[in-house]
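**Q** Sequence:
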Amino acid sequence: VHLGVETISQRVMDGIGKHTTLEQVSHALKTFKREGLKVFCYMMLYQAWEENGRLCWETPEEVANSLRFCWRSFLRGKIHYMSWQVTTPYPGSRLYDIAQRHGVLIKDKALEEEAGVWDVNMNLPGISEKQIKSDIRKGMLLKDIMALKSGNISPRAFWRLRRNIRYFIKSIR
62 VHLGVETISQ RVMDGIGKHT TLEQVSHALK TFKREGLKVF CYMMLYQAWE
112 ENGRLCWETP EEVANSLRFC WRSFLRGKIH YMSWQVTTPY PGSRLYDIAQ
162 RHGVLIKDKA LEEEAGVWDV NMNLPGISEK QIKSDIRKGM LLKDIMALKS
212 GNISPRAFWR LRRNIRYFIK SIR
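Start counting the sequence shown at 62; every next residue gets the next number (this note's numbering).
A portion of the hints provided could be inaccurate.
[What the hints assert, rightly or not] Result set (DSS-like, lysine-lysine): computed pairs, CA atoms no more than 25 Å apart in a straight line:
1. Lys94 - Lys79
2. Lys199 - Lys99
3. Lys210 - Lys99
4. Lys210 - Lys91
5. Lys79 - Lys91
6. Lys191 - Lys139
Calculated directly from the structure, the hints in this document are not laboratory data. Note that the structure is a prediction, hence the values are computed from the model and not measured.
Produce the complete structure using the sequences and hints provided.
**A** Rendered as structure tokens:
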């Protein structure tokens, strides 16, 4: 089952118009586990939205909580695979218009051919590119651990896992 959870923050879910509750996510994961289904969980980090003309965004604490949720759910056998991506405002989307209106868009970086998972596409106030890339790496590490445990890891992902583990060990020293 592929499940677009996006975040584990109800504030963020409400802000981006997800129309889902944390209770619904929890119930779905319990049901899928009980039925023996494997779950691929899609997660996004550093989402942004507008409330009453004011820019709002996901905090580093909310991102960390989402990552902890994925880790605990993985350990409990509720999530088996995941995708962890930084939110990208694509032209024509509501987020793109919001990012332009508030001056946080990094000019059309999402459209560049060489754009990838490590690219930061918005300058959110008080959140550094270093912080975002560190959080991306933590999520990628968990994603790779899940793939390794499942036996579905490619040689490229194996080397990325090795690099991410080294980075993680250095960061906690």
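**Q** Tell me the numbers of any earlier hints that the structure contravenes, in ascending order.
**A** As far as the earlier hints go, only 6 is violated by this structure.
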